[in-house]
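Could you put together the complete structure from these sequences and hints?
Heads up: the sequence lines are chains A and B, in that order. Take any residue in the first sequence, note its place counting from 1, add 10, and you have its number in our numbering. Take any residue in the second sequence, note its place counting from 1, add 3, and you have its number in our numbering.
Don't take each hint at face value.
[What the hints assert, rightly or not] Lysine to any residue pairs mimicking SDA-like chemistry, simulated, CA-CA at most 25 Å apart:
(1) B:K56 x A:T378
(2) B:K56 x A:N314
(3) B:K84 x A:A114
(4) A:K363 x A:D44
(5) B:K18 x A:Q385
(6) A:K184 x B:D66
(7) A:K184 x B:D70
(8) B:K26 x A:M377
(9) A:K184 x B:L30
(10) A:K144 x B:K84
(11) B:K16 x B:A83
(12) B:K84 x B:L30
(13) A:K164 x A:Q385
(14) A:K184 x A:R116
(15) A:K278 x A:T338
(16) B:K26 x B:S15
(17) A:K184 x B:D68
(18) A:K144 x B:F37
(19) A:K144 x A:R162
[To be verified] To be clear about the criterion: a stretch of chain A counts as covered by chain B if any three or more of its residues have a C-beta under 8 Å from a C-beta of chain B, and this derived list gives those stretches:
(20) 109-116
(21) 233-241
(22) 374-384
These are calculated hints, taken from the structure and not from any lab test. By construction, the Cβ of each residue, glycine as well, lies at the ideal position given by its N, Cα and C atoms.
Below are the chains, spelled out letter by letter.
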Amino acid sequence: MKLELTAEQRAARAEYRAFAQAELAPNAGQWDRDEALPPELFRKLAERGWLGTIVPPEHGGPGLDMITYGLLTEEIGRGCSSTRSLLTVHDMACQGILRWGSRAQREHWLPRLVRGEVIGAFALSEPTAGSDAKGVQTTAEPDGDGYVVNGRKKWITFAQVADLFLVFLQCEGKPTAFLVERNTPGLRIEATKGLLGTRASMLGEMFFEGCRVPAENMVGRPGFGVSHVVAAALEQGRYSVACGSVGIAQAALDASLQYAREREQFGKPIFDHQLVRALLTDMIVQVRAARLMCLRAGYLRQMNDPNAFMETMAAKYLASTVAAKVATDAVQIHGGNGCTDDYPVSRYFRDAKVMEIIEGSTQIQQMTIPRFEFQEL
Amino acid sequence: MDQTQSLPESQSKIKEFLSRFFKNHDLKPEEDIFALGFVNSLLAMQLVAFVEKEFGIRVEDEDLDLDNFRSIQAISNLVAKKSGAAAPVATA
Chain A
11 MKLELTAEQR AARAEYRAFA QAELAPNAGQ WDRDEALPPE LFRKLAERGW
61 LGTIVPPEHG GPGLDMITYG LLTEEIGRGC SSTRSLLTVH DMACQGILRW
111 GSRAQREHWL PRLVRGEVIG AFALSEPTAG SDAKGVQTTA EPDGDGYVVN
161 GRKKWITFAQ VADLFLVFLQ CEGKPTAFLV ERNTPGLRIE ATKGLLGTRA
211 SMLGEMFFEG CRVPAENMVG RPGFGVSHVV AAALEQGRYS VACGSVGIAQ
261 AALDASLQYA REREQFGKPI FDHQLVRALL TDMIVQVRAA RLMCLRAGYL
311 RQMNDPNAFM ETMAAKYLAS TVAAKVATDA VQIHGGNGCT DDYPVSRYFR
361 DAKVMEIIEG STQIQQMTIP RFEFQEL
Chain B
4 MDQTQSLPES QSKIKEFLSR FFKNHDLKPE EDIFALGFVN SLLAMQLVAF
54 VEKEFGIRVE DEDLDLDNFR SIQAISNLVA KKSGAAAPVA TA
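Next up, the structure:
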């Protein structure tokens with residue numbers, strides 16, 4: 011067993027960190043208030059080759075190993091959770107196509123997604139279907155050589171700007187995945203505003219009204235949309251969110267350490283007050299534990315191990331709950347200052363809460379993880 | 004009686020993997036695992052990962068057919084087809 015990054019992985023992390031500190035962290039607060047990421051950021055990410063990094067060289071991507079991918083999402087998430095959300099949903103679309111797309115779909119879409127010419131998104135949730143993925147009510151009915159889609163999708167991250175959506179619906183009563191392009195007639199998208207966290211993630215609501223989609227846009231086969239296509243994309247998303255959660259927690263810890271050394275009460279830095287020190291200690295070890303879980307999940311994913319699914323879920327469960335706890339404690343340490351947007355911890359606090367809801371809520375993980383463990387008996 | 008010994012190697016491996024989902028049940032090569040129940044989303048993804056890793060094949064979109072995953076024999080047939088070998092048959 012060897013628990014350390016390779017020289018290449020350390021160098022990649024330094025590059026991601028430098029970018030996040032220079033380009034993301036100083037602007038994330040403003041983007042949060044704007045409820046949007048600036049167009050030039052998409053271009054910068056594409057230029058660095060950080061969109062679709064999971065795509066292998068045969069389809070034009072770098073095919074990052076899963077550990078390095080985790081480092082990317084952690085460091086980007088440490089700087090700006092909304093930017094990390096972009097990577098997450100874009101890569102989920104890539105993963106769905108890479109894993110279950112036809113050869114033609116892979117060859118057509120993946121190089122464009124890698125170059126950032128096409129921004130991908132994942133459209134599963136509906137007003138009445140979230141955790142219960144098979145309960146989606148959007149439908150696709152056969153019509154000539156294609157399908158007609160009707161229904162509504164809600165909470166779709168980056169729907170305001172995405173060009174290509176991996177959409178999940180009922181095709182003649184069977185859960186099925188389709189690729190739908192933004193400019194398809196019959197698809198209308200409205201911006202969702204006023205969110206609690208990851209506010210710059212440009213969420214939207216999608217209205218499919220007689221939206222005609224070619225038959226070749228089906229991903230996988232009817233009936234396998236949730237069990238295989240959603241599962242593959244969500245597993246990718248879970249790993250991304252897990253590592254991004256570690257990034258939020260680390261940022262909240264960094265801010266708290268710095269603040270505790272500078273802020274004085276009762277004649278000494280609050281760092282020297284024992285109860286504050288205890289809070290910091292728990293934050294430090296929880297962040298480390300969550301990061302180790304993510305590294306293990308990344309390792310098993312890299313090995314294509316069947317247990318990677320469970321390990322990724324466990325890592326997401328721990329990392330998201332740790333992020334929420336650590337960000338809450340960071341606000342506590344900052345006191346009144348932590349309740350303003352003069353300090354980033356209030357944003358971390360809001361962003362961290364979202365991590366416990368997306369890509370499988372804490373309660374869904376709690377329903378599932380013990381079932382996995384039972385298999386191991 | 005344990006029949007594992009009489010199964011071709013690929014089928015033994017598949018049976019061993021599936022046994023974690025069908026505890027206390029001696030799964031027969033032709034037995035329909037969907038009819039037995041307990042098949043859920045956890046099995047679906049893990050089964051794909053297992054056959055790909057264990058047998059070095061890639062399950063493609065066109066292989067997404069329940070009949071390819073219905074039994075030990077069916078999975079073994081799929082593996083044989085994907086790896087270009089003849090399907091092994093259990094010896095009685």
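Against the structure, the hints come out as follows:
1. B:K56 x A:T378: Judged against 25 Å, a Cα distance of about 23 Å means the pair holds.
2. B:K56 x A:N314: holds (6 Å)
3. B:K84 x A:A114: holds (22 Å)
4. A:K363 x A:D44: Roughly 20 Å between the alpha carbons, so the hint for K363 of chain A and D44 of chain A holds.
5. B:K18 x A:Q385: Cα-Cα ~14 Å, so holds.
6. A:K184 x B:D66: holds (17 Å)
7. A:K184 x B:D70: The hint holds at about 16 Å.
8. B:K26 x A:M377: holds (20 Å)
9. A:K184 x B:L30: violated (28 Å)
10. A:K144 x B:K84: violated (31 Å)
11. B:K16 x B:A83: holds (14 Å)
12. B:K84 x B:L30: Given that 25 Å is the threshold and the Cα spacing comes to 22 Å, the pair holds.
13. A:K164 x A:Q385: violated (35 Å)
14. A:K184 x A:R116: holds (23 Å)
15. A:K278 x A:T338: Distance of about 23 Å is within 25 Å: holds.
16. B:K26 x B:S15: Holds: K26 of chain B and S15 of chain B sit about 15 Å apart, inside 25 Å.
17. A:K184 x B:D68: holds (13 Å)
18. A:K144 x B:F37: OK: K144 of chain A and F37 of chain B at ~18 Å, within 25 Å.
19. A:K144 x A:R162: Holds, at roughly 15 Å.
20. 109-116: Answer holds; 3 residues pass the 8 Å Cβ test.
21. 233-241: Coverage by chain B holds for the region 233-241 of chain A (6 residues, Cβ < 8 Å).
22. 374-384: Held - the region 374-384 of chain A has 3 residues with a Cβ nearer than 8 Å to chain B, which meets the minimum of three.
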